[in-house]
Amino acid sequence: MEETTTPAVTVPDTYNANLLVTYKVIHGYSDAEYATDKVASIEWSLHNGRQAQKHNGVLNGKIDAVKEIICEAYADSGDQDTLREIAEALDIELIKEVLFTASIEVSGTYSYNILENDYDMDLESEVTDALYADSNNGNIQIDDTEVCNVREC
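Residue numbers for the sequence shown follow my numbering, so the first one is 1 and each next one is one higher.
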């Protein structure tokens, strides 16, 4: 068997947990201030911040699970008021996404100079290159478009 070694953590000779350090405290977009604290206190603050961040991640995952449950059960629930109150308490927007497909039939006129194109016009390519679909509604997102069945009338 191969022997694995883990790198040893080297503590500097000059490490002093009681050393006073002045550092910048940033409060969002407001002006920063400077604070002085012991290295040990800063280390504990960093540790507690990492623990709080992990805990927030777990809680956010649970809130996301509750959101999915509420969104799925809301329409068929006999107690929508309670579900709404739970969603409001957890700051959950009750939004359900629905995948859809739609067909649009378009008719139009394409004009081209017959002297420049020598009757070598490809109507399907011209129409496919010129048409696109977009949404004027912020709640609808167009993911893909395809132009089909281009023909002369």
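Be careful, since some hints might not be right.
Lysine-lysine pairs mimicking DSBU-like chemistry, simulated, CA-CA at most 30 Å apart [said to hold, decoys possible]:
#, residue 1, residue 2
1, Lys38, Lys24
2, Lys38, Lys67
3, Lys24, Lys62
4, Lys38, Lys62
5, Lys67, Lys24
6, Lys54, Lys96
7, Lys54, Lys67
Derived CB-CB ranges, DEER-like [as the list claims (entries may be wrong)]:
#, residue 1, residue 2, range
8, Ile69, Ala102, 25 to 33 Å
9, Val25, Lys54, 45 to 53 Å
10, Thr128, Val98, 26 to 34 Å
11, Trp44, Glu97, 26 to 34 Å
12, Gly61, Ser111, 55 to 63 Å
13, Leu131, Leu46, 21 to 29 Å
14, Glu72, Tyr15, 48 to 56 Å
Hints in this document: simulated from the structure, not taken from any laboratory. Every value quoted in this text rests on a predicted model; they were computed, and no experiment measured them. We put the beta carbon where it would ideally sit given N, CA and C, even for glycine.
- [ ] Using the Cβ atoms, figure out if glutamate 72 sits within 48 to 56 Å of tyrosine 15.
- [x] Because 54 Å falls inside the window, the suggested range holds.
Open item on the list: Would the hint linking lysine 67 and lysine 24 be met if the CA-CA limit is 30 Å?
Closed with: violated, 38 Å
Open item on the list: Checking one constraint from the list: CA of lysine 38 to CA of lysine 67, max 30 Å. Satisfied?
Closed with: Roughly 43 Å separates the two Cα atoms, so the pair is violated.
TODO: Kindly confirm whether 26 to 34 Å is satisfied by the beta carbon distance between tryptophan 44 and glutamate 97.
DONE: With Cβ atoms ~43 Å apart, the hint is violated.
- [ ] Could you tell me whether the CB distance from valine 25 to lysine 54 stays inside 45 to 53 Å?
- [x] Check failed, 22 Å falls outside 45 to 53 Å.
Open item on the list: What's the verdict on lysine 24 and lysine 62, does the C-alpha distance respect the 30 Å limit or exceed it?
Closed with: Judged against 30 Å, a Cα distance of about 34 Å means the pair is violated.
Open item on the list: Against the 30 Å threshold, does the CA-CA distance of lysine 38 and lysine 24 hold or violate the hint?
Closed with: holds, 14 Å
- [ ] Mind checking the hinted window 55 to 63 Å against the Cβ distance between glycine 61 and serine 111?
- [x] holds, 58 Å
Open item on the list: I want to verify a distance hint. Is the separation of the beta carbons of leucine 131 and leucine 46 within 21 to 29 Å?
Closed with: About 56 Å separates the Cβ atoms of leucine 131 and leucine 46, which means 21 to 29 Å is violated.
Task: Pair hint lysine 54 and lysine 96, alpha-carbon separation not exceeding 30 Å - done: holds, 28 Å
Task: Verdict for isoleucine 69, alanine 102 (Cβ pair) under range 25 to 33 Å - done: holds, 30 Å
Task: Proposed proximity, lysine 67 with lysine 54 (alpha carbon, max 30 Å) - done: holds, 20 Å
Violated hints, listed in ascending order, are 2, 3, 4, 5, 9, 11, 13; each of the other numbered hints is respected by the structure.
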